[in-house]
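Two chains, two frames, some hints: make the complex.
Going line by line, the protein sequences match chains A and B.
Counting along the first sequence from 1, when you hit position 24 you're at 23 in numbering that gives the first Met the number 0, and nothing is skipped either side.
Counting along the second sequence from 1, when you hit position 216 you're at 215 in numbering that gives the first Met the number 0, and nothing is skipped either side.
Keep in mind that a hint or two might mislead.
Claimed, not checked - So, partial list: chain A residues that the calculated Cβ filter (under 7 Å) puts toward chain B:
1. Val31
2. Val51
3. Asn55
Said to hold, decoys possible - Below, a list of computed lysine-lysine pairs in the DSS-like style, where the Cα atoms sit at most 30 Å apart:
4. A:Lys40 - A:Lys57
5. B:Lys339 - A:Lys40
6. B:Lys244 - A:Lys54
7. A:Lys40 - B:Lys386
8. A:Lys54 - A:Lys72
9. B:Lys321 - B:Lys339
10. B:Lys339 - A:Lys57
11. A:Lys3 - A:Lys72
Everything labelled a hint here was simulated from the structure, so no lab data went into it.
Where is the CB? At the ideal position from N, CA and C, for every residue including glycine.
Here's the letter readout for the chains.
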Amino acid sequence: MREKIYALLSEALPAVDFDADFLFGELDSLGVVTIFIILSKEYDISFDTTDVTPKNFKNIDSIVRLVEQKLAKQ
Amino acid sequence: MTLTLEQSICHYAQITPDKTAAVCSTDSISYATLWNRIVERAEQLRTEGLEAHRPYVFRATQDIDFLVTYCAIHHAKAIAVPLEHKAPEEIFDAIKSEVESYTYAEDIVDILYTTGTTGKSKGVMLSETALVSCTDNFIADLHFTEELLFIISGPLNHIASLFKMHPTLSAGGTVCILNGLKDMNAFFEVFDLPYTKFATFLVPASIRLIMQLAYDKLCSVSDKIDFIETGAAPITKQDMEQLCKALPKARLYNTLGGTEIGAVCTYNFNDGRHLEGCIGYPMKNSTVEVTPEGNIVVSGRTIMSGYVGDEHSTNQVLKEGKIYSADLGYIDSEGMIHLKGRQGDVINIGGFKVDPSEVEGAAVSHPDIKDCICIAATHPVIGTVLKLLVVPNEGATPTTRSMAQHIKTLLEPHKVPTYYEIVDSIRRTYNGKLDRKFYKN
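Looking at chain B on its own, in the form it has when it is part of the complex (with noise of 0.2 Å):
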């Protein structure tokens, strides 16, 4: 049986008690030290007044004081709410007071927002079971061992990142976290630790930007690499087929992952294969299946409880113990799970999914737009981005500036739009709706 993070935590704290357990920075600290520090901080936020199985909302910095923070917040009963570090602060109180205002069952351990399966910003309810079977499912799958440095460059309130922190210390391993990629060269300057295997994970985005600032650095490092993960969207055959020329002897996993589902399939792309689309057999807790529709339906121990004070939306996902995903797809004859695309309006914008109509909403409160639609454009390194088509109000002329800087105010960052464009009108359906269909194409 997989212990959760934090049994794991104090389990290695007393046989490798010097053992580094996070980097960040020029900051490191022990497994030793890691969980005195996690039971100092569960006792200060219950002096704070924090309750067993209740939310405590807090922002998701990039750093070792948010992994003793996480950590605390379970250790002391209670539900782990990260969000965006640099989400507004309306956005914020908003959803601090939402979670507040709820009462949960015993075994929810984590709330985590996300746009995900339906399309609206929502609190994806987990319990310990489906965190300490993600955490199976990666250790099993992807292989986390002891020896093994972890780089989480990624936002630590989105899963994908987030839920490695468990799998790594869970194995004994190290993490170093990372606040982006914008550094290349801290990125790069991890391997120089003395570890001797590395493994991350990143965005497809993010692969190509490597790929293109840094493929001979990418290249030198090829012997330390034990394996890259990718997911949350898609990557191209060309981008799997130059990555795996860079690390020949790297595993390179393509997972299907999710707030709502965990993690759940996973391939090896360095197979000689490369299949665009493929995410390989399911993970040990998990069950796929596929829809006459071909909807991507998945069960088991990783799935979520539902969503916060939403239960039309989660009756609308979670059926008979059945999460009915947006993913596409189709099995092969091998028993391979492959993706087709998405159902619905939803953008994924390097991994973070945008339903434009919360982009839009927070546009037309801007005095001077009149209507505006939020359509997906494509961005030469990047991929997908968000882009703005906008009606002015009469006589208006509203600036690229003006309008990113009043949406920045509303939205977290990953929901501004990059380019934006005056047009004369917004195509609507007949009966008034946005064509969203029109725009697609």
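This is chain A alone, in the form it adopts within the complex (with noise of 0.2 Å):
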């Protein structure tokens, strides 16, 4: 699931360094919407903005968890 997230979301957003050891810090709103809409579509799960926290956005293994508990949820 990393790779594919990587994937996905690097093709999307091709300025965003998602090596960052703090990607929250690489994002702008748009970045955060982007990757919602994108994770959102691909795995059916939903977002809210009580999502957007520095702790779930730090890197993209933060993001993979996210979206695992998401679907663990379902």
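Structure (structure tokens):
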């Protein structure tokens, strides 16, 4: 799943360094929403504003964990 | 007579010293402490060699320290030149070198870099009169008061955000500085602060973002919102209607403003009509005319003094005390001004004006790119974004990531295209120029 999410997001947001130590600092609001749209579509999950935290967007692994948590709750 | 930002802070430091002037994350500062830090920083800058009427280039960090530095530069009688905080070093150094190579009139206090009216990145020189008159316009028309907490989430090198510090603090209110809107929880947590009136400026894309992701939350703070101002890009009638529904009691303004013209007109669209494109009547220090060709012409005390070191471009837009803008519009039977679009090739990305040729110039320096054109494309949430159509060099297969990362090293983040497409050729006109009209359709 990690590789797939990494590839999807890198393609959609080419200017963002998804290997950054603190990914949240790399993103703007457009980036956050784009990530939500892509992951919602790919995994049929939904997000809300409470999901937008520096912890959830710390790096690509934390985004993967967020998706896994969403899928587990379904 | 409205005081300058620094005079106002000094004034409130004496009469309401303990009142909070600014909040940023867990940090806050009273008027008295803010004034002391401004005086100290001004002294430090002088010691470091900053002279009166000389420019000081610095990064617009989204924090209280920015406010201190910005005011300290003015207090030292120098010129503040705030740049995008993520601007590449090369751009920072080039602008620093450019502004330091000129001398300035004694009334210049700010130089703001913008693409704006001419389509090329330029330093817009603003006088103290322009800043004070903008402040005066805002206080009179948007009714900034001392009870107000104004949330600034946009970049502080941009006039739309920077020039909200002035009326808020000149009215004795409080500014809350946020680092963008990506942490929307942080935005809504501001409404838990002990204030009775809240206001903010949001570009239309941010309004749509909030309504899509947090409509219920927005409705839940409806009673606390005194006003929201938008501008810098067109807002749709549908978005206006939805915002009015969420905030039935709030004043909701669509403002015409710009670095070259200042804050000029505003229209409260929570009037039951939600007139799309309407920007209302000119504010007290501004006059607006429309030429027979439909161009908006602005005069008054808020307009710029000129572009840094570029008399030719200055003379193109500033004629006999009037700014001839690229905005097109008309005046209706009620005397209200309406915008109809924009002349020229500039692409408006969430309020940032981008000259596509600047993006193309950066892109073609990529070793795998033979030719390209930068065009506007539509993003499902944000609206207009940049797209780069690319013709690769023979045998080369540049990846989206490599192109984006390359441009990112040369230009500010908002100038990096979101979308990329490999094409066989770029259409040109008979004389070899990029056929931008073709790609607009």
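TODO: Output the numbers, in ascending order, of every earlier hint that fails for this structure.
DONE: 3, 5, 6, 10
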